[in-house]
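One letter stands for each residue in the lines below.
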Amino acid sequence: MRKFKEFIIEKLILICGIASIFFVALIFLFLLKEGLAVFNIVSPFQFLFGKSWYPISDPPQLGILPLILGSLLVTLGAAIISIPIGVGCAIYIAEVAPLKIKEVLKAGIELLAAIPSVVLGFIGMVTLVPLVKNIFHLPTGLTALSGSIMLAFMAMPTIVSIAEDALYSVPKNYKEGAFALGATHWQTIYRVMLPAASSGILAAVMLGIGRVIGETMAVMMITGNAAVLPQSIFVPVRTLTATIAAEMGEAVVGGEHYFALFAIGIVLFIISFAINVTADFFLHKRQ
Amino acid sequence: MKRNSHRTQKIAFFFLFLATLLIVVPVGLILVIIIQKGLPAINWQFLSDIPRQGMRSGGIFPAIIGTVYLVTGAIIFALPIGLLAAIYLSEYSKDNLLNRVIKLAIVNLAGVPSVVYGLFGLALFVVFFKFGASILSGSLTLGIMILPIVITTSREALESVPQSFREVSLSLGASKWQTIRHIVLPNAVPGILTGTILGLGRAAGETAPILFTVAAFYLPQLPNSIFDQAMALPYHLYAISTQIPNVGEKIRYGTAFVLLALVLFMNLVAIIIRYKFRKKKKW
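If you read the protein sequences in the order shown, they are chains Y and V.
Here the numbering used here is used: the first residue of the first sequence is 1, the next is one more, and so on.
Here the numbering used here is used: the first residue of the second sequence is 288, the next is one more, and so on.
Hints are computed from structural coordinates only; laboratory data are not their basis.
Check the hints yourself; a few may be wrong.
In silico lysine to aspartate or glutamate, EDC-like type, Cα no more than 16 Å apart, as pairs [stated by the list, open to error]: (1) V:LYS417 to V:ASP515; (2) V:LYS463 to Y:GLU6; (3) V:LYS390 to V:GLU443; (4) V:LYS568 to V:GLU443; (5) V:LYS390 to Y:ASP280; (6) Y:LYS102 to Y:ASP165; (7) Y:LYS106 to Y:GLU95; (8) Y:LYS106 to Y:ASP165; (9) V:LYS463 to Y:GLU10; (10) V:LYS381 to V:GLU446; (11) V:LYS381 to Y:GLU10; (12) V:LYS568 to V:GLU446; (13) Y:LYS285 to Y:ASP165; (14) V:LYS297 to Y:GLU95; (15) Y:LYS175 to Y:GLU95.
Sequences are here, hints too, so could you generate the full structure?
Following this line, the structure appears as structure tokens:
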């Protein structure tokens with residue numbers, strides 16, 4: 001009897017163990033199920049590279065190039081800001097900061113990671129947006145630039161904590177060897193630690209960018225939501241994620257618009273899958 | 288030459304310090320702004336009243352209750368599955384392809400954009416299972432979203448129980464499951480609790496997954512069953528900041544304050560448990 005009970009429990013444990021695989025597959029399948037129908041209306045090429053997104057005009061124009069470029073622009077801006085600052089902060093925490101300050105800084109970073117994105121979006125709306133508007137004398141502060149700054153901020157916790165881990169796991173004798181040869185602390189960091197931790201830092205950057213591409217609420221509240229081909233970083237743009245969040249409420253279940261929004265979901269899923277698999281590869285290469 | 292390299296080091300460390308300040312100072316500013324402007328809005332009426340006059344006055348009680356329901360539902364779903372999955376990974380799995388694929392799946396599950404979870408919840412729970420936009424659909428969607436957090440932290444907790452504990456138990460004739468149940472699990476409880484609370488905090492703050500699966504724009508009564516729609520704090524904050532013109536500053540900051548306080552409180556509890564556990568640990 002006891003044997004039987006344990007048999008059942010162990011099977012249950014196995015099932016839950018593979019549940020993650022099941023859920024990832026389920027998410028992808030249901031996105032495909034609802035999204036692929038859009039390709040009865042437009043070709044995949046037209047969908048990805050079509051220049052106009054007017055989903056409710058008649059006939060609907062379902063080209064997501066403006067949205068892809070919106071996402072890319074905002075992400076590029078966020079990456080330019082967050083990579084140097086994030087990696088710099090990681091080096092400071094891992095190598096330079098005294099032990100006590102280190103703990104405080106790490107808690108601060110954890111705190112930032114915990115703030116809900118809708119709260120950051122709200123704060124961005126009331127502080128950052130007017131600031132950008134006044135500094136650059138723009139008609140509106142809801143621009144790609146504001147979105148980039150806010151998203152850079154949201155990518156930092158990921159970049160800092162993973163890059164710090166990577167630096168921390170560089171074997172101690174590398175460092176000791178460099179010191180013994182007369183290198184200064186900074187020379188050691190720059191010439192020995194950073195190259196040794198490079199694949200982990202690369203993974204940190206990739207996961208940070210993944211976070212930025214997938215971010216929805218803050219970006220929807222701050223970037224102004226204009227689904228047009230962006231001309232500069234000082235104009236409103238709309239990202240892939242914000243389009244889904246903003247428009248799904250009005251789309252009719254089983255309509256063209258609904259299919260198109262799910263197809264955007266497929267694009268996002270594939271992007272995040274590619275980023276995570278590659279980052280995972282770099283993280284394991286290190287060990 | 289020597290002096291030169293020391294000056295370089297000073298300049299480099301200054302910039303590293305600057306980078307750190309650029310992250311930490313804004314975090315402090317955000318907290319100060321929300322506390323300073325949000326705290327005065329908090330009173331009993333704000334917390335216990337329904338929204339009135341098109342959400343321009345009154346309180347946020349239904350949104351608080353909705354969030355509590357959603358978070359509870361999410362953890363009821365995610366904790367058992369996540370814990371058993373963690374037990375599998377830490378106690379049963381071997382270093383083989385399956386194990387590798389599971390870990391990759393968890394990483395991917397953690398990386399799926401939150402709005403894609405919303406789409407998934409809409410397609411599977413709302414439309415396919417016909418649960419409609421309801422607390423059930425929203426809870427299940429949030430539950431799958433926080434699964435990776437629960438699995439990862441629980442697994443770390445289980446793996447930090449020393450191998451010798453298991454060996455002693457097995458050598459006394461206990462079966463594998465008895466060892467897990469009576470030796471490994473009790474020693475991992477604080478870590479599992481930490482993961483659970485972090486998952487709760489994450490579920491409480493997310494907006495995109497509940498947009499199409501549960502969130503009601505304005506619903507001045509409390510939900511009666513898990514098949515009802517509900518208001519939720521993060522969506523409420525989104526709605527009064529962007530969808531409705533002329534909402535008083537007090538109400539917006541007050542809502543942001545309550546949501547932030549709720550999420551940070553849970554994170555704080557998790558950090559304290561982890562800290563105490565580390566101090567107490569004898570091995």
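Pair hint outcome, Y:LYS102 versus Y:ASP165 [Cα-Cα no greater than 16 Å]
holds (13 Å)
Given pair status - Y:ASP165, Y:LYS285, alpha carbons within 16 Å
holds (14 Å)
Hint check: V:LYS297 vs Y:GLU95, CA-CA at most 16 Å. Holds or violated?
holds (14 Å)
Hint check: V:LYS463 vs Y:GLU10, CA-CA at most 16 Å. Holds or violated?
Given that 16 Å is the threshold and the Cα spacing comes to 10 Å, the pair holds.
Holds or violated: Y:LYS175 with Y:GLU95, Cα cutoff 16 Å?
holds (11 Å)
Just to be careful, I want the Cα atoms of V:LYS568 and V:GLU446 compared with a cutoff of 16 Å; is the pair within it?
holds (14 Å)
Verify the proposed pairing of V:LYS390 with Y:ASP280, using a straight-line Cα cut of 16 Å.
At roughly 10 Å apart (the allowed maximum being 16 Å), Y:ASP280 and V:LYS390 satisfy the hint.
Could you grab the alpha-carbon distance between Y:LYS106 and Y:ASP165 and see if it respects the 16 Å cut-off?
Measuring from Cα to Cα gives roughly 12 Å; hence the hint holds.
Are V:LYS417 and V:ASP515 close enough, with their CA atoms no more than 16 Å apart?
holds (13 Å)
Check whether the Cα positions of V:LYS568 and V:GLU443 lie no farther apart than 16 Å.
holds (15 Å)
Straight-line alpha-carbon gap V:LYS390 to V:GLU443, limit 16 Å:
holds (13 Å)
For the pair supplied as a hint, V:LYS381 and V:GLU446, confirm whether the alpha-carbon distance does not exceed 16 Å.
Holds. V:LYS381 to V:GLU446 sits at ~14 Å (cutoff 16 Å).
Hint violations for this structure: none, all hints satisfied.
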